[in-house]
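The listed protein sequences derive, respectively, from chains A and B. If you're matching positions, the first sequence starts at 4 in my numbering and goes up one per residue. If you're matching positions, the second sequence starts at 16 in my numbering and goes up one per residue.
The hints are simulated quantities; they were obtained by calculation from the structure and are not laboratory data. Small disclaimer: the values here were computed from a predicted structure and weren't measured. C-beta: ideal position from N, C-alpha, C; glycine also. You may find that some hints are simply not true.
[What the hints assert, rightly or not] A short, non-exhaustive set of chain B residues, derived as facing chain A with CB atoms under 7 Å:
id, residue
1, T45
2, L213
3, F220
4, G221
5, R224
6, P234
7, P238
8, L241
9, W311
10, G313
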Amino acid sequence: MPDPSVSEPAVVTRDIRRSFDGRAVLQGIDLTIRPGEFVALLGRSGSGKSTFLRILGGLDPDYEGRALVPEKLSVVFQDPRLLPWQRVQTNVGIGLRRTLHLDRTTVRARTQRALAEVGLDGHAQAWPLTLSGGEAQRAALARALVREPQLLLLDEPFGALDALTRIRMHALLQELCRRHRPAVLLVTHDVDEALLLSDRVLVLTDGRVSLDLSVDLDSPRVRTDPRFSEARTRLLSELGVDELAEGRHETQPLAARSI
Amino acid sequence: MTDVRTDPEVLDLPRLEGAAPTTAAVLDPTEPHSLVDARGRHRRPKRRHRSAPSFLRKLAGPLIVLGVWQLLCTTGVVNENTLASPASVFDAGRELWASGELQENLLISLQRVALGLAFGVAVGLALAILAGLTRRGDDLLDPPVQMLRAIPILGLIPLVIIWFGVGETSKIFLIALGVTFPVYVNTHAAIRGVDARLVEAGETFGLSRAGLIGRVILPGALPGFLVGLRFALVGGWLIIIVAEQINAQSGLGYLINQAQAWYRTDIIVLGLVTYALLGLIADNIVRLLERRLLVWRGGFAGA
Numbered sequence: 004m005p006d007p008s009v010s011e012p013a014v015v016t017r018d019i020r021r022s023f024d025g026r027a028v029l030q031g032i033d034l035t036i037r038p039g040e041f042v043a044l045l046g047r048s049g050s051g052k053s054t055f056l057r058i059l060g061g062l063d064p065d066y067e068g069r070a071l072v073p074e075k076l077s078v079v080f081q082d083p084r085l086l087p088w089q090r091v092q093t094n095v096g097i098g099l100r101r102t103l104h105l106d107r108t109t110v111r112a113r114t115q116r117a118l119a120e121v122g123l124d125g126h127a128q129a130w131p132l133t134l135s136g137g138e139a140q141r142a143a144l145a146r147a148l149v150r151e152p153q154l155l156l157l158d159e160p161f162g163a164l165d166a167l168t169r170i171r172m173h174a175l176l177q178e179l180c181r182r183h184r185p186a187v188l189l190v191t192h193d194v195d196e197a198l199l200l201s202d203r204v205l206v207l208t209d210g211r212v213s214l215d216l217s218v219d220l221d222s223p224r225v226r227t228d229p230r231f232s233e234a235r236t237r238l239l240s241e242l243g244v245d246e247l248a249e250g251r252h253e254t255q256p257l258a259a260r261s262i
Numbered sequence: 016m017t018d019v020r021t022d023p024e025v026l027d028l029p030r031l032e033g034a035a036p037t038t039a040a041v042l043d044p045t046e047p048h049s050l051v052d053a054r055g056r057h058r059r060p061k062r063r064h065r066s067a068p069s070f071l072r073k074l075a076g077p078l079i080v081l082g083v084w085q086l087l088c089t090t091g092v093v094n095e096n097t098l099a100s101p102a103s104v105f106d107a108g109r110e111l112w113a114s115g116e117l118q119e120n121l122l123i124s125l126q127r128v129a130l131g132l133a134f135g136v137a138v139g140l141a142l143a144i145l146a147g148l149t150r151r152g153d154d155l156l157d158p159p160v161q162m163l164r165a166i167p168i169l170g171l172i173p174l175v176i177i178w179f180g181v182g183e184t185s186k187i188f189l190i191a192l193g194v195t196f197p198v199y200v201n202t203h204a205a206i207r208g209v210d211a212r213l214v215e216a217g218e219t220f221g222l223s224r225a226g227l228i229g230r231v232i233l234p235g236a237l238p239g240f241l242v243g244l245r246f247a248l249v250g251g252w253l254i255i256i257v258a259e260q261i262n263a264q265s266g267l268g269y270l271i272n273q274a275q276a277w278y279r280t281d282i283i284v285l286g287l288v289t290y291a292l293l294g295l296i297a298d299n300i301v302r303l304l305e306r307r308l309l310v311w312r313g314g315f316a317g318a
């Protein structure tokens, strides 16, 4: 018999609507996320996926409908948003004393542990401006996880990173999620990223969820898995991208150049 | 068309492997002749020679100016009554220092600037924070402050004398007024310019309103405030020079004004040099402050 509090959802939204200057961006989003579930939200740019995340994060109060989120939630933005005038460790522990009523020593111990988890223990006393893009984003991840959130909101967190760093960040995020088990909402436009990381992929089209796809691929997930590419084709076509047609366009100039 | 090998420009180019220049005279026959060495195409490699320390090199310019100035005076090209020579300015300095006049007046000027600065910075900062943090404060405060800012401070001297007489209050008031505006304008703009994304992040991670102000907004506005402070110092000195020459019985400006009556160009120049030195010192103090307070910018600042 499962503990009823555990089976309570991490996120429930009912008919979320949001418009900007009369332009409807979200037109009724109903979503339930289970505890520990990793949900990816895909959409073209301007589809309202970031707007939805901001609503869940409490950053946009001007919406209609109902959105229920856990008290302990964290956000990782596309840019690290570390305070440049505070050292990395202070940045990671920001607001901890107030929100979790912890004393200074506990905060220090927890931030130190969080930094070690993301492999930044050597940079605790560094200034954020001296970090590389990947390091800064890892610090942002540590800042999000140090408060043991029940919901982790990721707004294209790896979008600004180079391809190699992104691969390593994916592995790190998977590892951290396995350990902390927060419910995750990952907003991204990268179909592969969504398929590599999540249990469930939603596609947002014209302000509505147009596809809700469960991803049950064998782990470790590899792009060469035929079911992976099948799911990817499905998602891409939902996003309005015809892989084959686009592929032809892409390869033609390349072929011409190689002659 | 000359043979590329006899062209001195080409022969002079440093060789790839850092070979000795003597061997450069003969080009390797296997090297493609239609190509030139990339190094030295536009820029010669930096010659490494030992140079004087930077403060000495920077001192050279002013020393040359002083030398030419002294030369013009001793050769009689410039009359001592027009402009005292560096030597006589130095003598005047010694004379006034020995009599204690220089220190006394210097101290009084310093005190006026310090007091004016303290009041001006406090008021400018308070106004900037009030107007910068709230929309209502901005609507209320910014228009009148911008209007007052347009008034030339020195034009207020007649009015200020009527209000406060010729005593200390009028001078301190003028300086404070002149300091308030640069501090206000720069700090206000800096507060308004604090990255909204950082404020948003601070909010999501549980900072209270006071926490946001103290840990995000004010530290973010600090560089702007320091710029304002530098302008304020320059403005403060400018005002005291004029204010002390118009109505004062003491201070550096008074010293200069008295010297004018006796055609003592040496003392006038001495006063000006003292002002300049004080200005430099003040500016350096703020730079030092910047370096201390803005360590987090690291190599970013450049200044």
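We went through each hint and held it up to the structure:
Proximity of B:T45 to chain A is violated relative to the hint, the smallest CB-CB distance being about 31 Å (cut-off 7 Å). At a threshold of 7 Å, the smallest CB-CB gap from B:L213 to chain A is about 6 Å, leaving the interface hint in force. Interface restraint check: B:F220 against chain A, minimum CB-CB distance 4 Å, threshold 7 Å, status holds. The interface hint given for B:G221 is met, as the beta carbon of that residue sits about 3 Å from the closest beta carbon of chain A, less than 7 Å.
A cut of 7 Å between beta carbons decides the hint on B:R224: the least distance to chain A is about 11 Å, and the hint is violated. The interface hint given for B:P234 holds, since its Cβ lies 4 Å from the closest Cβ of chain A, which is under the 7 Å cut-off. Here the hint on B:P238 is broken, as its CB sits about 10 Å from the closest CB of chain A, past 7 Å. The interface hint given for B:L241 is violated, since its Cβ lies 13 Å from the closest Cβ of chain A, which is over the 7 Å cut-off.
Satisfaction of the interface hint for B:W311 is found here, the shortest Cβ-Cβ separation to chain A being roughly 5 Å, below the 7 Å cut-off. A least Cβ separation of about 6 Å between B:G313 and chain A falls short of the 7 Å threshold, and the interface hint therefore holds.
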